[in-house]
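**Student:** Just so you know, the protein sequences line up as chains G and L, in that order.
Its first residue numbered 1, the first sequence is counted upward by one per residue in our numbering.
Its first residue numbered 1, the second sequence is counted upward by one per residue in our numbering.
Quick caveat, the hints were computed from the structure, so don't treat them as lab data.
Accuracy of the hints is not assured; some may be wrong.
Partial list, derived from the structure: chain G residues whose beta carbon lies under 8 Å from chain L [to be verified]:
1) 37
2) 38
3) 232
4) 234
5) 280
6) 287
7) 298
8) 300
9) 327
10) 470
11) 480
12) 489
Stretch-level coverage of chain G by chain L, calculated; a stretch enters the list once three of its residues show a Cβ under 8 Å from a Cβ in chain L [stated by the list, open to error]:
13) 249-261
14) 408-422
Pairs of lysine-lysine residues, derived as BS3-like cross-links and limited to a Cα-Cα distance of at most 30 Å, are as follows [claimed, not checked]:
15) L:316 / G:191
16) L:264 / L:220
17) G:576 / G:619
18) G:435 / L:12
19) G:135 / G:119
20) L:321 / G:194
21) L:326 / G:422
22) L:37 / L:195
23) G:94 / G:609
24) L:326 / G:191
25) G:429 / L:48
26) G:435 / L:37
27) L:321 / G:191
28) G:429 / L:316
29) G:194 / L:319
30) G:140 / G:120
31) L:316 / G:422
32) L:321 / G:422
33) G:429 / L:319
34) L:319 / G:191
35) L:10 / G:453
36) L:319 / L:48
37) L:12 / L:48
38) G:119 / G:145
39) L:326 / G:429
40) L:36 / G:435
Where is the CB? At the ideal position from N, CA and C, for every residue including glycine.
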Amino acid sequence: MTMPQGVQERTTVTIRFAGDSGDGMQLTGTQFTRTSAIFGNDISTFPDFPAEIRAPAGTLAGVSGFQVHFGSEELHTPGDEVDTLVAFNPAALKTNVDDVRDGGMVIVNEDSFGTTDLKKAHYDANPLEDGSLDKFRLIKVPATKLTQEALKDSPLGNRDKDRCKNFFALGLISWLYGRPLHAVEEWIDQKFGKNPDVANANRTVLHAGHAYGETCEFFEHTYHVSKAKLPPGRYRRISGNEATAIGFIVAGKLAGKDVFYGSYPITPASDVLHVLSRYKHFDVKTFQAEDEIAAVCSSIGASFAGDLGITGTSGPGLALKGEALGLAVMTELPLVVLNVQRGGPSTGLPTKTEQADLFQAMYGRNGECPMVVIAANSPADCFDTAVEACRIAMQHMVPVNLLTDGYIANGQEPWAIPDADKMAPIVVKHPGPVKASGGNGNGNGDVDPPLFKAYLRDDRLVRPWALPGTEGLQHRIGGLEKADVTGNVNYEPENHEHMIATRQKKVDLIAQHIPEQTVMGPDEGDLLVVGWGGTAGALRTAVERVQKQGKSVAHCHIRYLNPFPRNLGDVLKRYKKVLVAELNCGQLRFILRGKFLIDAYGVNKVQGKPFLVSELENKINELLSN
Amino acid sequence: MATEALPQLKAKDFASDQEIRWCPGCGDYAILAQVKKVMPELGIPREKMVFVSGIGCSSRFPYYMNTYGFHTIHGRAPAVATGVKVANPELTVFVVTGDGDGLSIGGNHLIHAIRRNLDVNILLFNNRIYGLTKGQYSPTSEHGKKTKSTPMGSVDNPLHPLSIAIGAEASFVARTIDRNVQHMADMLRRAAAHKGTAFIEIYQNCNIFNDGAFLYSTEKDQKDDTTLYLEHGKPMIFGKERNKGIRLNGLNPEIVTLGEGGIKEDDLLFHDEQLAEPSLAYMLSRMRYPEFPEPMGVLRCVDQPKFDEEMTNQVKEAKAKRGEGKIADILNEGDTWDVAG
Numbered sequence: 001m002t003m004p005q006g007v008q009e010r011t012t013v014t015i016r017f018a019g020d021s022g023d024g025m026q027l028t029g030t031q032f033t034r035t036s037a038i039f040g041n042d043i044s045t046f047p048d049f050p051a052e053i054r055a056p057a058g059t060l061a062g063v064s065g066f067q068v069h070f071g072s073e074e075l076h077t078p079g080d081e082v083d084t085l086v087a088f089n090p091a092a093l094k095t096n097v098d099d100v101r102d103g104g105m106v107i108v109n110e111d112s113f114g115t116t117d118l119k120k121a122h123y124d125a126n127p128l129e130d131g132s133l134d135k136f137r138l139i140k141v142p143a144t145k146l147t148q149e150a151l152k153d154s155p156l157g158n159r160d161k162d163r164c165k166n167f168f169a170l171g172l173i174s175w176l177y178g179r180p181l182h183a184v185e186e187w188i189d190q191k192f193g194k195n196p197d198v199a200n201a202n203r204t205v206l207h208a209g210h211a212y213g214e215t216c217e218f219f220e221h222t223y224h225v226s227k228a229k230l231p232p233g234r235y236r237r238i239s240g241n242e243a244t245a246i247g248f249i250v251a252g253k254l255a256g257k258d259v260f261y262g263s264y265p266i267t268p269a270s271d272v273l274h275v276l277s278r279y280k281h282f283d284v285k286t287f288q289a290e291d292e293i294a295a296v297c298s299s300i301g302a303s304f305a306g307d308l309g310i311t312g313t314s315g316p317g318l319a320l321k322g323e324a325l326g327l328a329v330m331t332e333l334p335l336v337v338l339n340v341q342r343g344g345p346s347t348g349l350p351t352k353t354e355q356a357d358l359f360q361a362m363y364g365r366n367g368e369c370p371m372v373v374i375a376a377n378s379p380a381d382c383f384d385t386a387v388e389a390c391r392i393a394m395q396h397m398v399p400v401n402l403l404t405d406g407y408i409a410n411g412q413e414p415w416a417i418p419d420a421d422k423m424a425p426i427v428v429k430h431p432g433p434v435k436a437s438g439g440n441g442n443g444n445g446d447v448d449p450p451l452f453k454a455y456l457r458d459d460r461l462v463r464p465w466a467l468p469g470t471e472g473l474q475h476r477i478g479g480l481e482k483a484d485v486t487g488n489v490n491y492e493p494e495n496h497e498h499m500i501a502t503r504q505k506k507v508d509l510i511a512q513h514i515p516e517q518t519v520m521g522p523d524e525g526d527l528l529v530v531g532w533g534g535t536a537g538a539l540r541t542a543v544e545r546v547q548k549q550g551k552s553v554a555h556c557h558i559r560y561l562n563p564f565p566r567n568l569g570d571v572l573k574r575y576k577k578v579l580v581a582e583l584n585c586g587q588l589r590f591i592l593r594g595k596f597l598i599d600a601y602g603v604n605k606v607q608g609k610p611f612l613v614s615e616l617e618n619k620i621n622e623l624l625s626n
Numbered sequence: 001m002a003t004e005a006l007p008q009l010k011a012k013d014f015a016s017d018q019e020i021r022w023c024p025g026c027g028d029y030a031i032l033a034q035v036k037k038v039m040p041e042l043g044i045p046r047e048k049m050v051f052v053s054g055i056g057c058s059s060r061f062p063y064y065m066n067t068y069g070f071h072t073i074h075g076r077a078p079a080v081a082t083g084v085k086v087a088n089p090e091l092t093v094f095v096v097t098g099d100g101d102g103l104s105i106g107g108n109h110l111i112h113a114i115r116r117n118l119d120v121n122i123l124l125f126n127n128r129i130y131g132l133t134k135g136q137y138s139p140t141s142e143h144g145k146k147t148k149s150t151p152m153g154s155v156d157n158p159l160h161p162l163s164i165a166i167g168a169e170a171s172f173v174a175r176t177i178d179r180n181v182q183h184m185a186d187m188l189r190r191a192a193a194h195k196g197t198a199f200i201e202i203y204q205n206c207n208i209f210n211d212g213a214f215l216y217s218t219e220k221d222q223k224d225d226t227t228l229y230l231e232h233g234k235p236m237i238f239g240k241e242r243n244k245g246i247r248l249n250g251l252n253p254e255i256v257t258l259g260e261g262g263i264k265e266d267d268l269l270f271h272d273e274q275l276a277e278p279s280l281a282y283m284l285s286r287m288r289y290p291e292f293p294e295p296m297g298v299l300r301c302v303d304q305p306k307f308d309e310e311m312t313n314q315v316k317e318a319k320a321k322r323g324e325g326k327i328a329d330i331l332n333e334g335d336t337w338d339v340a341g
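One chain only, chain G, in its complex shape (with noise of 0.2 Å):
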C-alpha cells in the first residue's frame, strides 16, 4: 500500500459540496468552514439551495451546494473557480462540474450512480465512465458502503445510518486539507448530546473518513493552507443576515430604545426574524405578523410608541409595504426597512442574488417620497450597516431603506469583532413633559398649555419625537398632507410644494451627517469602477489584480444611495472612464447619469449569481484597451 507522500502548500482554495437537499451539504460545508476559520485562514462562503425545501431525491431541481474559499491572504469572495467539487449524486456532479477548474479535483460517491440515480439527472451514460471527466481528477469513493461497514456495530437503521455519510465527506475532505477534528467532534457532541447513538455514529463516519484518506491510493499528497495574515484582534465568523440581527441589537441598546422587529416570514430575511426572537432578554420584541403590511404598519406604530421599529423582507414583501413606506415619509418618523435582495420580478429566484431592488427603493412610492437608502457590502458589514441606518432613522426622524441581498445575508466571513466599550451612543431626545397651568375656562379650571407644534423642525429640519404618554404633547398625526409647524391637516397649494420641498430638503441635508466617499487606488486615473452593495468582494478583488498590472484604475463602493455623499460627484470626475457594476441591468449607473450628468460604462448580470472576478477584470481590461 502506498502511502500518500507530502504536503503541497496551497495560498487559497475553493470547495464546494453539493448534493441533494436532504444530503446534509449546507452542514458539511459549514462545519469546514467552522474548523478553517478556526484554524486561522480567511474564509468566504456561498450556500446555493434550491427554492423547494424537498424536490424529488436525486433530480436536478434538488441540488444543494456550498461553496467556501479559505486562504492565507485576505479574500473578499467565495472565489470564481471551484478546486475541489464534492458531488454525492449524479445530479449534483451534472450542475457544479463546469464550474470546477480543469485539473480540479471531482471527488464522487461512486454508490449513488446507479442506473435509475443517472436517469434522474438525465444522463443517456455514465460520466464516471465515459471520459467526460477526463480533464479533472476524478476520485470515486463507495461512501455510502464505507459509512454502512463503518457503522455495523451501531443500533442505528440501515436508513439513519446512511444519513451519516455527508460526514464521512467531511472526515475525507478534512484530511485532505490538514483539518483537526476535534472542533467537528465538539459540535457533534453540542448537537447531538441527548441522542448519544447519532452523536457516536457521526463521529465514527468522521473517523472513517478521514482515516479512508490516509489509506486509500488515490491522493498523491494533501495540502497545507497557513493561517492567515489578518489584523490582530478577536474574531467571529458570521453571515450577513446574522450581522443585520446583531447591527439592530446593538443600536437599539446604544440608543437605549427597545427594538421592535415586525416581519413577515420570506425568503431569504426570515433568518433575521430568528435571530432576533432568540434575543428578547436584550429588550427585543419580535412580531412575526399576519402580512407584509401588517409588519411595516406596527413598526410604525412601535415607532410612534417610542421603540426603534424596524421591518424586514424582501423585494415581493417591499412591494407590499409601499404605501404604509409613504404614510412613514408623512409623519416623519423613525423606521428601518430591511430588504434583503433577491431575483425578482414577482416571485422570481427567491434563493438567488439580485440587485435589482435599487429602484423600488429609491422610487417605489406613490408621490414625491424621498427615502434614504443605504447598503451594506458583505456579510459582516451587516453590521455596520444595520447600526448605521437605526441611527439615521432616529436622529434625523425618517424611514431608511437599509439593502442586502441574499448572497450576503447568507454568506458568511471572518468578522473582527468592534469593541463595544468604543461605540458611539445613538443620542436620541423626546420633548418632555408640560404642565397644564392654573386658571379657568378649561373643564376643570386649568388652562391647557399651548398646542404642541408636532412639526416645528430644528436646524436640520427634524421635527420632535413627541412619545404618546406625554403630559402637554398631545397630537395628531396621519397621512393627509400636513401644514408645516403645526402638523394639522393641511390642502393649500403653497403649503404642498413647500412640504414636499421640505421633506426632500430633510432627506438631503443628511449628506452632511455621513462620511464622504472614498475610493481605492489613486484618486485621478483612467478609470473608476463602481459599485454597491454585496457585490465589493469581487470589484475590489478585480481591481487590485488590474491594479498588479500597473493600469490606473480605482474602486469606489457607495454604501450611501440616497442621499450621496457629498463630495461624490467630484470624485466620478476625476476619471476618465466610470465603470458601474451591478447585479441589475443598470439601475446605478441610471441615477448616476442623471444627477451628475456624467457618461457611464455598465458591466451587469442578472443570473441570480454573483459576479465572478474574471468577468469583472475581463471588462476593466477592455474599457482600459478601448
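Here the structure of chain G is known, so what remains is to put chain L in place on it, guided by the hints.
**Tutor:** Relative to chain G, chain L alone:
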C-alpha cells in the same frame, strides 16, 4: 409618596382644536359626543390615550380628540395599533374603523388583532355604505343593494361584523346604535373596562348615501319589536308589550309569545355573556332583521390571555433567565478566535 389626584376632566377637555368636517346630520357626531363624554369617567389622563384609525369618514375621528392620535392608511389601523400597544402597554388604545376600512381592505388585520386578543378597543362604525368615496356598496351592504357601482343591485353577500369578530374568538363583542346614546355610553364603558380586544359594532346612519338604513331599529313604533337588548343572566325578552321572547328549538332560536301555549319566562333562553364556548354569542350574531329582533348589548365578555401582556412577559422572563443583555456579550458569542498582533 403623595399621590396627586387626577384633575376632573370634562367632555370638552377631550375636544381638539380642529373643525369637524363630517356632513351635518351624520351619525358620527353622536358617537364622538359619547366618546368625549365617557372618556373623562375612565380616570385615564388624555396623554395616555391613543386613537388610531384607517381611512374613511369614521377614520377622521382622531383629529377631533385631544389625545394622541394616528390617522393611518386604509385598513391598517389594527396593525399600527398593535405596534403602539406593544411598544407601550400602559397606553389605552382605541381603534376607530368603518365597515369598508375594517372589513374590506383591512379585514385581515382586524381578524388577526382580534384573535391575538390585543388589549385595544375597536369601534367599528357600520353604515353599510362607502361614504368618503361617495356612495358605493360596502361589505356589509345587503344583497341586491343598488348603489353607484351596483346600478342593478349588488350580487355580493354581506359580512356580519359580530359574526366575524366571534369567529375570530373575540373576548369582548358588543353592538350599539348611534341613536341610543345612553346605551352607547354603557357599551363604551364596558369596552374600556375589558382587558383584551373589545369589539363594538356601532350602527351609524349615513344620511347622505344610505339614509335610514337602521330606521327599523330606532323608530319608536318599531324598535321594541326589532331589537333585543341583552342583559347578562336575564331571559331574552323583547317587544312593545315585553311579551315576546327567544326560545331554543333544537339548535335554532325561535320567537315565542309569553303566555301562549303555557310558555313561561323560564322556557326562554337566558343570556350568558361569560360562556367560554362562543356558540351562543355566534347564534345571537346571526339573528337579523326582519326574521328576528337584532341583539344590542354585550354578546360576549370573557377573560383570555392578552397579546401585549404575554409579549411583555416573555421579555421579562428572558431577562430573568439570562440577565439583561449587554452589547459586549452579543458581539462575542459563537465561535471566536484570536489573531495575535
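**Student:** Hints first: check each against the structure and report whether it holds.
**Tutor:** A quick look at each hint next to the structure:
1. For residue 37 (chain G), the interface hint holds, the least distance from its beta-carbon to any beta-carbon of chain L being 7 Å, beneath 8 Å.
2. For residue 38 (chain G), the suggested interface contact is upheld, since its CB lies about 5 Å from the closest CB of chain L, less than 8 Å.
3. Residue-level restraint check for residue 232 (chain G) holds (minimum Cβ-Cβ distance to chain L is 3 Å; threshold 8 Å).
4. Taking 8 Å as the C-beta contact cut-off toward chain L, the hint placing residue 234 (chain G) at the interface holds, the least distance being around 5 Å.
5. A distance limit of 8 Å between C-beta atoms decides the matter here; for residue 280 (chain G) the minimum to chain L is near 4 Å, and the interface restraint holds.
6. For residue 287 (chain G), the suggested interface contact is upheld, since its CB lies about 7 Å from the closest CB of chain L, less than 8 Å.
7. Given hint, residue 298 (chain G) at the interface with chain L, holds; its Cβ is 4 Å from that chain's nearest Cβ, closer than 8 Å.
8. Given the 8 Å rule on beta carbons, the hint for residue 300 (chain G) holds: about 6 Å separates it from the nearest Cβ of chain L.
9. Taking 8 Å as the C-beta cut-off, the interface hint given for residue 327 (chain G) holds, the closest approach to chain L being about 5 Å.
10. Nearest Cβ of chain L to the Cβ of residue 470 (chain G): about 6 Å, under the 8 Å cut. The hint holds.
11. This hint holds: residue 480 (chain G) has a C-beta 7 Å from the nearest C-beta of chain L, less than the 8 Å allowed.
12. Interface restraint check: residue 489 (chain G) against chain L, minimum CB-CB distance 7 Å, threshold 8 Å, status holds.
13. A stretch counts as covered by a chain when three or more of its residues have a beta carbon under 8 Å from one of that chain; for the stretch 249-261 of chain G and chain L the count is 6, and the coverage holds.
14. With 4 residues having a Cβ less than 8 Å from any Cβ of chain L, the stretch 408-422 of chain G passes the three-residue criterion, so the hint holds.
15. For a cut-off of 30 Å, the pair hint linking residue 316 (chain L) to residue 191 (chain G) stands: about 28 Å separates their Cα positions.
16. Distance check on the hinted pair: residue 264 (chain L) and residue 220 (chain L) sit about 27 Å apart at the alpha-carbon level, within 30 Å; holds.
17. For the suggested pair residue 576 (chain G) and residue 619 (chain G), the alpha carbons sit about 16 Å apart, so the restraint of at most 30 Å is met.
18. Note on residue 435 (chain G) and residue 12 (chain L): the hinted pairing holds, with a Cα-Cα distance of about 18 Å set against a maximum of 30 Å.
19. Taking the CA atoms of residue 135 (chain G) and residue 119 (chain G), the gap is about 23 Å. The hint holds against a cut of 30 Å.
20. Distance restraint check for residue 321 (chain L) and residue 194 (chain G): the Cα-Cα separation of roughly 22 Å lies within the 30 Å cut-off, and the hinted pair is therefore satisfied.
21. Among the hinted pairs, residue 326 (chain L) with residue 422 (chain G) is consistent with the structure: their alpha-carbon atoms are about 14 Å apart, no more than 30 Å.
22. Simply put, residue 37 (chain L) and residue 195 (chain L) have alpha-carbon atoms about 21 Å apart, close enough for the 30 Å limit, and the pair holds.
23. Among the hinted pairs, residue 94 (chain G) with residue 609 (chain G) is consistent with the structure: their alpha-carbon atoms are about 18 Å apart, no more than 30 Å.
24. For a cut-off of 30 Å, the pair hint linking residue 326 (chain L) to residue 191 (chain G) stands: about 26 Å separates their Cα positions.
25. Taking the CA atoms of residue 429 (chain G) and residue 48 (chain L), the gap is about 20 Å. The hint holds against a cut of 30 Å.
26. A C-alpha spacing of about 23 Å is found between residue 435 (chain G) and residue 37 (chain L), which places the hinted pair at or below 30 Å, so the restraint holds.
27. Restraint check for residue 321 (chain L) and residue 191 (chain G): satisfied, since their Cα atoms lie roughly 22 Å apart, inside the 30 Å limit.
28. For the proposed pair residue 429 (chain G) and residue 316 (chain L), the alpha carbon gap of about 26 Å is at most 30 Å, so the pair holds.
29. Proximity of residue 194 (chain G) to residue 319 (chain L) is assessed by CA-CA distance (about 26 Å); at most 30 Å being required, the pair is judged to hold.
30. Distance check on the hinted pair: residue 140 (chain G) and residue 120 (chain G) sit about 20 Å apart at the alpha-carbon level, within 30 Å; holds.
31. For a cut-off of 30 Å, the pair hint linking residue 316 (chain L) to residue 422 (chain G) stands: about 28 Å separates their Cα positions.
32. Restraint check for residue 321 (chain L) and residue 422 (chain G): the C-alpha separation of about 28 Å stays at or below 30 Å, so the hint holds.
33. Straight-line distance between C-alpha atoms of residue 429 (chain G) and residue 319 (chain L) comes to about 26 Å, which keeps the hinted pair within the 30 Å bound.
34. Straight-line distance between C-alpha atoms of residue 319 (chain L) and residue 191 (chain G) comes to about 25 Å, which keeps the hinted pair within the 30 Å bound.
35. Among the hinted pairs, residue 10 (chain L) with residue 453 (chain G) is consistent with the structure: their alpha-carbon atoms are about 24 Å apart, no more than 30 Å.
36. The hinted pair formed by residue 319 (chain L) and residue 48 (chain L) meets the criterion: a straight-line CA distance of about 27 Å does not exceed 30 Å.
37. Proposed proximity of residue 12 (chain L) and residue 48 (chain L) is supported: the alpha carbons are some 17 Å apart, at most 30 Å.
38. Among the hinted pairs, residue 119 (chain G) with residue 145 (chain G) is consistent with the structure: their alpha-carbon atoms are about 21 Å apart, no more than 30 Å.
39. Pair hint residue 326 (chain L) plus residue 429 (chain G) holds up; C-alpha atoms about 22 Å apart against a cutoff of 30 Å.
40. Under the criterion of a C-alpha separation no larger than 30 Å, the hint pairing residue 36 (chain L) with residue 435 (chain G) is consistent with the structure, at around 21 Å.
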